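Undergrad: Sequence:
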Amino acid sequence: MESLFELVEPRDDVLAGELTESRFAASLEEVTSGTAADAYGDAERFFAATFPSAGLKSLLNEVLGRIGGGKPDGASVIRLETNLGGGKTHNLIALFHAARGHLDPKRASEFMEPSLLPSAPVEQVGAFVGTSSGAQSFPQIDNVMPRTLWGYLALQVGGAEGYELVRADDEALTAPGSDAIKRLLGDRPSLLLIDEVARYYRVAKGVSVGESTLAKQTTAFLMALMEAVDGLPHAAMVITTTGVTDAFGEETSDILAAVDEARSLMARKELTLRPSKEADLPQILARRLFKQRDWGSTVAATAEAYAEAADSAYRSGLDLPESMTGTGWAADITRTYPFHPSLIRILDKRLSTIPNFQRTRGALRLLARVVRRLWAQHPEHTYLIHPHHIDLSDRAIAEELSSRLERAEYEPVIRADIASQNGAERSHAERVDERMGAPYARRLATATYLYSLTRDVPGVQPPELFGAALVPGGDPNLLQKALDGLESDCWYLHADVRGYRFSTEASLVKLIQEAESEISVTRARQRATKILTDQFRDGTLKIRRHWDDAKVPDNAADAWLVVLHWDDFGDARGVDPHGPIPTKIQELWERTPSGGNREYRNRLVLLAPSQGTHEAMVRAVKTHLALDELSVSADTLNALTPAKRGELKDKAKEWSMLARVAVCNHVNVLYVPRAQGVEAVQLDQVTSSSVFPNQTDAILNRLAAMEKTLRAGDRALDPAYVKIKLGDLMSRPQPTEELVKAFARRSDLKMVFDTAQLHSLISAGVRNGVWEYQDPERGDDGWATRDRPGFSPRLSADVLLHPPGSAPAPVEQVCPLCETLHPGRGCPDDLLGSAQGDGNQLGFPQSKSVVFTGTGAAGSAFTQARSAAAEVQRERLHELKIEINHTGTGGGPELLRLHSIVPVTTLGTDLTYKIEAVVALGGDPMHTAKIDYFGTPRDYAPLREALKQLLGPRESVIKASVTAIFEDSLPLSGDAVERFGQAARDTGPTKCTISMRTESDG
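The numbers in our numbering rise by one with no breaks, and the one at position 240 of the sequence shown is 257.
Hints were generated in silico from the structure; no laboratory data involved. If you're wondering where the values come from, they're calculated on a predicted model, not measured in any experiment. Do not rely on the hints blindly, as some may be mistaken.
[What the hints assert, rightly or not] Here are the simulated DSBU-like pairs of lysine-lysine, each with C-alpha atoms no more than 35 Å apart in a straight line:
#1 K740 <-> K568
#2 K666 <-> K947
#3 K88 <-> K123
#4 K740 <-> K725
#5 K601 <-> K498
#6 K568 <-> K666
#7 K498 <-> K233
#8 K976 <-> K666
All chains should be built: construct the whole structure from the sequences, respecting the hints.
TA: Here's what the structure looks like:
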């Protein structure tokens, strides 16, 4: 796609920087006197740079049609109404040039109905600009110095001769009547232009005229003038007013009252026009700033690229405004080209509410600087002018949007958080971009600042903010990451129900950062050590802390977790999980405290910190310490509002948890006994929702996921497999206790945490004929074999396992049940009866299941369910369901994890979300919010950000599920299902239930 610089060419005066303040402030008086700059005084240049808005066309048609006779019913009095800088004076200048015959007939059709142009230039034109005169001081004309508005207009229209008709009233400061004005104008085409008269009213109020004032006499004159013009078929009057809330609002009210009173004297009502509408603004700006050319299909291609980028980003999960996700977005781009629609909305709806900005004039003044700087820099991937192209690192642009708007106090906000100037310390947004390696933070910060500049309620919601910064070819996933970075780093950025906004009030971020600067690294490491001690405690695994010089016994009974400290690894502060096994780790695993060889190596796992994560841990712990201190500081609390005190309390609680998370994510390299020796495994990233009260449980779960544990509920071992593993050991009689020791020695076997599993293993081995069991104390009855399986095994030094065939033949004896001789225990008749009553009496094979379930961490649960299906030869996946049942903080991240396994873009999939959540809203347990959602991901999208904000750090109870039904069933061993499994392992919930429905036997 072609860039903006290849398609659009700014006007020469824009690139040259010649559009100064004076050139933007159009002066009607300078134009009528012939002293205006060419941009306004040269009619050809003026019309070339003027957009023919609907308001301007109506003005020219009404006035020139009435004056020239082509439209006899045209309005005699027209009032142009808009805010300051809204284009009123510009329209008056256009009307003046056209009335004087300076509108080229070839161009006329663009601005008006050509047939309504007067046949000859209008000679009688009078113009008054209220900002150019004092109460009684007006420019001299024909050697006459008028004292009033009516004297000044009479001199312009009729010269010295016409002035004589109002001389007495001019000298006495009294308003002439309508008859005198009619004699002055006569039947000749006449045009009277009165601009910004409200300012003149203010100074005229201070001049007494008998018991009246000059302002009241001016009101009387305007009423007489309107009555006179209305009675003359070829005369017209145009007067401009601003809103009553703008500067000179009181005086504007006086003028409007005069107009209302004059209506009763007029045959026709006055016509009120707005020089331009909202939809005209981009065309007005483009016409003035850029050379005109036919953009045609190029604009369509750009608009389509932006629409496709928005659709793609929305499908990937980025929240965007509804207006950007439909078919109308391309049309919006086309309408505002070469400006992004968000920039136009900011200029028209936000900045224009500030009186000093002056809408169209202010937008032109600002954008002229922006365009010149943009074309000087030519940044890559520029297809439209976005809000972030307003470069606040440029001092002139920054002042335009701060001190010029009487917001000088915002300049430190810009420098600290958004954009630094050359050579100065980088802003917080720039630092976030540096960390990310992408420019999104400064883009978002600039747009947020612009949305914050308004006289109304400031702030912008994330979807609007993301939409303003989204560019074709960009990475939408980085926008949320950048916004999170801004929220955590910026001093003056605030987020609440209104959205994100900058203000001059420092946020808690600044307070926290200042407190952090007072906390030493040594102190942070000391607190981190305490957290590490508290986080890993005795459980199924017993803990030994290496920094306490703890000795790890060498026995088969206990399983140990040795936790190492970052100080054990020098400046690296950790190990490389992908590098060779550190000598310290190898020695701890292989040697006993006395220096001998460790025998029971399969009872020892070690946990060490990882390289590259130490600084992140220190930063998190410093924040935790800073918040702890601030939350108990009387001076700090007294200086904060109640809302900020509550926010501080919440943050202190949040960062207490995040410090624990950071310590766990630093100490996250687990060394596990494996067949070839000890193996390094990097643990999954811990989150606030996945951290355990005792993180030792997380180690156990990871060992279980690696199928390294033998715990209650784990799948039983195959005795034949174990016998093969133990080799020669089982070729001769062995005490059952030796089985315990063998599992403790052999690092290629599982770690036994439940000896009942070994009891089951022994029993299964006897039933399957893998070995025979002997309890010598019971003599012949102490044997258990495949034919005589009934026994209760013990693990002891005096109970033996024998190779098959070792048991003596059973002695035949009379059976008390059937009264016949047969060997061993149990009656064949009784056994037969039992077999016939086992619930499958007809002998048909039981049907295989079609639903398979796994529980635990998402990766492990997924593997369990798929393995169970594969074991019974299931091949196709028809439905996948993931369920979470979460209690506590961290509900938001856990929901995101749930929704990450099956992407919403998966083709041929019917996806359904179900969410039931109860969120605690404060100290009162009765204050809760309840959410109950059942529907599609698309319908859920507008709720995603709101629910994320609601959950935040709050306590919640969440029951949620994702159900995916596949139109065409998927191969269980195929790539699509494997991608679901990889997502479950990478980003899935920390605890969930996963169910897979497969094909049936039929």
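Undergrad: For every hint, state whether the structure bears it out.
TA: We went through each hint and held it up to the structure:
1. K740 <-> K568: holds, 33 Å
2. K666 <-> K947: holds, 24 Å
3. K88 <-> K123: Between K88 and K123 the Cα gap is close to 21 Å, so the pair holds against 35 Å.
4. K740 <-> K725: holds, 18 Å
5. K601 <-> K498: Between K601 and K498 the Cα gap is close to 38 Å, so the pair fails against 35 Å, i.e. violated.
6. K568 <-> K666: Not satisfied, since the Cα-Cα distance of roughly 41 Å exceeds 35 Å.
7. K498 <-> K233: violated, 62 Å
8. K976 <-> K666: holds, 28 Å
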